[in-house]
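*Asks:* Here the protein sequences line up with chains A and B, keeping their order.
Counting in my numbering, the final residue of the first sequence is number 144, and the numbers go up one at a time with none missing.
Counting in my numbering, the final residue of the second sequence is number 146, and the numbers go up one at a time with none missing.
Covered by chain A, according to a simulated footprint, are these stretches of chain B (three or more residues, beta-carbon under 8 Å): (1) 77-91; (2) 133-141.
Computed beta-carbon distance windows for the label pairs: (3) B:V44 with A:H41: 22 to 30 Å; (4) A:S57 with B:T91: 16 to 24 Å; (5) B:T91 with A:N128: 14 to 22 Å; (6) A:T108 with B:T34: 24 to 32 Å; (7) B:K54 with A:K99: 40 to 48 Å; (8) A:K100 with B:S112: 45 to 53 Å.
The set of hints was computed from the structure by calculation and includes no laboratory data.
Cβ coordinates follow ideal geometry from the N, Cα and C atoms, glycine included.
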Amino acid sequence: AQSVTQLGSHVSVSEGALVLLRCNYSSSVPPYLFWYVQYPNQGLQLLLKYTSAATLVKGINGFEAEFKKSETSFHLTKPSAHMSDAAEYFCAVSDGNTDKLIFGTGTRLQVFP
Amino acid sequence: DTAVSQTPKYLVTQMGNDKSIKCEQNLGHDTMYWYKQDSKKFLKIMFSYNNKELIINETVPNRFSPKSPDKAHLNLHINSLELGDSAVYFCASSQAGPAGNTIYFGEGSWLTVV
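Please model the entire structure based on the sequences and the hints provided.
*Replies:* Pasting the structure below:
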């Protein structure tokens, strides 16, 4: 069965610093992997997804993620954090047969001035 | 123009009541979902419909009954509400076809049972 684990429920960075949010997956088949962002009191917005094309995936708002099969990881990065990046970030995997998403427990990103 | 819209956004109701949340998508998608986000922000799928047909039912209590009058609408009716039903309910949709399609979420409906 598919699953994802997000390491660190809270991450704090200074504005301008590197953002690194960690996600490891478990899948018995080649996975489809997603990162979603949730701003306070809002719905989920897709940041990026991996669907077995390029292993380095670029998304919106300057985020990118690299699929590493050997490490079963799909970490999310951004070179320079902005205050507006403060939100909850969710990694998710789909089971390959349907579009059912299995979410991680989320990581809250705080950005300090 | 909102792609996936759900109403109401906020709902406060008493235990034992019956309530409905409506959802509509204008993306032309064939598949719609209901997800539940609990107080710890954990997201889990409840139901999935494809072209009005139930595809996924994730061991949700019978008090929850989804209804899809057409492929653009998926409503959620909840009977005999309990305190534990307090959560954020997200409607979502995606295009049918090969897996890996993007799922588009609505803004959420915050349900509080008192």
